[in-house]
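Visitor: Could you put together the complete structure from these sequences and hints?
As you go down the protein sequences, you meet chains A and B in turn. Okay, so the first sequence: first residue is 1 according to the numbering used here, each after it adds one. Okay, so the second sequence: first residue is 1 according to the numbering used here, each after it adds one.
Hints are computed from structural coordinates only; laboratory data are not their basis. Don't be surprised by glycine CBs; every beta carbon is placed ideally from N, CA and C. Among these hints, one or two may not hold up.
Stated by the list, open to error - The list that follows gives simulated cross-link-like pairs (lysine to aspartate or glutamate, EDC-like), each with its CA atoms no further than 20 Å apart:
| id | chain 1 | residue 1 | chain 2 | residue 2 |
| --- | --- | --- | --- | --- |
| 1 | A | Lys100 | B | Glu83 |
| 2 | A | Lys48 | B | Asp108 |
| 3 | A | Lys46 | B | Glu41 |
Claimed, not checked - Distance ranges between label pairs, derived from CB positions:
| id | chain 1 | residue 1 | chain 2 | residue 2 | range |
| --- | --- | --- | --- | --- | --- |
| 4 | B | Arg96 | A | Asn69 | 39 to 49 Å |
| 5 | A | Pro76 | B | Val21 | 36 to 46 Å |
| 6 | B | Asn14 | A | Glu135 | 36 to 46 Å |
| 7 | A | Pro7 | B | Val31 | 37 to 47 Å |
Stated by the list, open to error - Listing some non-contacts, in silico: residues in chain A with all C-beta distances to chain B over 12 Å:
| id | residue |
| --- | --- |
| 8 | Pro50 |
| 9 | Phe73 |
| 10 | Gly77 |
| 11 | Arg80 |
| 12 | Glu85 |
| 13 | Lys89 |
| 14 | Asn96 |
| 15 | Leu98 |
| 16 | Gln108 |
| 17 | Gln136 |
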Amino acid sequence: MQKQKAPAVIGDINVTPMVDVMLVLLIIFMVITPLLTKGQTVELVKAKNPIAMKEADAEDAILIAVTRNGEVFLSPGNHRVTPDELPGKVSDLLTNRLDKTVYIKADQRTKYQAVEDVVDFLRAAGVDELGLLTEQLTSQAQPGQ
Amino acid sequence: MAMNVGGGPQANINVTPLIDVLLVLLIIFMVITPLTPYGLEALAPQPPKKNQPPPPENDDRTVVIVIDKQGNIQLNQEPVQKEFLGPRLEQIFRTRAERVVFVKGDPDLDFQVVAQAIDVARGAGIDKIGLMTPKIEAGE
Numbered sequence: 001m002q003k004q005k006a007p008a009v010i011g012d013i014n015v016t017p018m019v020d021v022m023l024v025l026l027i028i029f030m031v032i033t034p035l036l037t038k039g040q041t042v043e044l045v046k047a048k049n050p051i052a053m054k055e056a057d058a059e060d061a062i063l064i065a066v067t068r069n070g071e072v073f074l075s076p077g078n079h080r081v082t083p084d085e086l087p088g089k090v091s092d093l094l095t096n097r098l099d100k101t102v103y104i105k106a107d108q109r110t111k112y113q114a115v116e117d118v119v120d121f122l123r124a125a126g127v128d129e130l131g132l133l134t135e136q137l138t139s140q141a142q143p144g145q
Numbered sequence: 001m002a003m004n005v006g007g008g009p010q011a012n013i014n015v016t017p018l019i020d021v022l023l024v025l026l027i028i029f030m031v032i033t034p035l036t037p038y039g040l041e042a043l044a045p046q047p048p049k050k051n052q053p054p055p056p057e058n059d060d061r062t063v064v065i066v067i068d069k070q071g072n073i074q075l076n077q078e079p080v081q082k083e084f085l086g087p088r089l090e091q092i093f094r095t096r097a098e099r100v101v102f103v104k105g106d107p108d109l110d111f112q113v114v115a116q117a118i119d120v121a122r123g124a125g126i127d128k129i130g131l132m133t134p135k136i137e138a139g140e
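Guide: Right under this line is the structure:
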């Protein structure tokens with residue numbers, strides 16, 4: 001019996017599975033990216049001197065979004081609320097927390113009235129530290145501090 | 001084997017440029033994803049406790065940035081051009097240890113006008129910025 005000759009060794013890497021994986025990863029990232037912005041999407045004010053607020057990205061961060069037409073959304077949960085519901089809900093969320101900062105994400109064209117109302121009702125909930133979320137102007141890139 | 005046939009047409013697609021493009025896209029998306037939020041810190045002054053004496057009046061030292069309906073800025077009673085707000089604040093607070101200002105904006109203003117004033121104050125090195133609201137003024 002004669003042994004059959006083995007086929008010649010293929011020198012190329014088979015890249016097809018790799019391309020598959022890459023494509024899937026790419027699609028996953030493309031899908032996830034828009035979902036990562038928490039709460040309502042608003043057009044943030046562009047500021048020159050903001051500081052990094054990593055805590056605002058935390059899962060349990062208290063984030064209040066004020067949209068252009070003055071609607072108020074409370075995260076976590078992204079529920080639509082009226083400003084006068086805020087004291088109760090926010091003080092519930094604040095119990096047993098060390099960091100009492102509440103983040104406000106207000107649209108740049110919303111009336112200051114709406115933001116003022118939110119601040120007033122937050123004061124009633126005992127909040128005294130606010131973080132007004134802004135976008136950093138990249139044209140004058142500075143370190144985060 | 002087909003491999004050994006010299007000069008024959010190659011049936012494989014050249015995937016290398018495709019992979020290059022995909023990798024670059026992948027890296028772009030991975031970099032974009034963890035965008036850290038940026039923000040301006042502000043304080044909402046709490047009313048003095050009932051059984052506590054009100055804070056001593058030191059009007060000459062309190063600095064309030066007032067922005068009226070037209071977006072004109074006043075520092076206490078002194079009108080200031082928008083572009084001179086930062087330098088003026090720096091000048092006022094140069095000799096002070098406690099850098100506190102209050103910002104009072106007209107309710108009809110766009111939020112961005114007020115936020116920009118806060119931004120300028122932050123840039124002038126003010127570390128405590130209090131938001132004055134009508135209720136705070138009323139002492140509630």
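Visitor: Decide, hint by hint, whether the structure agrees.
Guide: Hint-by-hint comparison with the structure:
In summary, the hint linking Lys100(A) to Glu83(B) is not supported, as the alpha carbons are separated by about 34 Å, beyond the 20 Å threshold. A threshold of 20 Å between alpha carbons decides the hint, and for Lys48(A) with Asp108(B) the separation of about 24 Å lies outside it, so the pair is violated. For a cut-off of 20 Å, the pair hint linking Lys46(A) to Glu41(B) stands: about 14 Å separates their Cα positions. With their beta carbons about 40 Å apart, Arg96(B) and Asn69(A) fall inside the hinted range of 39 to 49 Å.
Checked against the hint of 36 to 46 Å, the C-beta distance between Pro76(A) and Val21(B) comes to roughly 38 Å, which is consistent with it. For Asn14(B) and Glu135(A), the Cβ-Cβ distance of about 42 Å falls inside the hinted range of 36 to 46 Å, so the restraint holds. Distance hint for Pro7(A) and Val31(B): a CB-CB separation of about 43 Å, consistent with the stated range 37 to 47 Å. Separation of Pro50(A) from chain B is inadequate, the least Cβ-Cβ distance of about 4 Å not exceeding the 12 Å criterion.
Taking the minimum C-beta to C-beta distance to chain B, about 15 Å, the non-interface status of Phe73(A) holds against the 12 Å cut. The non-interface label for Gly77(A) is consistent with chain B: the shortest C-beta to C-beta separation is roughly 18 Å, beyond 12 Å. With a cut of 12 Å on Cβ distances, Arg80(A) stays outside the contact zone with chain B, its closest approach being about 19 Å. Taking the minimum C-beta to C-beta distance to chain B, about 17 Å, the non-interface status of Glu85(A) holds against the 12 Å cut.
Annotated as non-interface, Lys89(A) keeps its C-beta farther than 12 Å from every C-beta of chain B; the closest such distance is 17 Å. The non-interface label for Asn96(A) is consistent with chain B: the shortest C-beta to C-beta separation is roughly 20 Å, beyond 12 Å. Even its closest Cβ contact with chain B, about 17 Å, leaves Leu98(A) beyond 12 Å, as expected for a residue assigned away from the interface. Non-interface status of Gln108(A) relative to chain B is broken: a Cβ of that chain comes within 12 Å, the nearest being about 4 Å off.
For Gln136(A), the shortest C-beta to C-beta distance to chain B comes to about 5 Å, within the 12 Å cut-off, and the non-interface label is violated.
Hints 1, 2, 8, 16, 17 from the list above are not met by this structure, while the remaining hints are.
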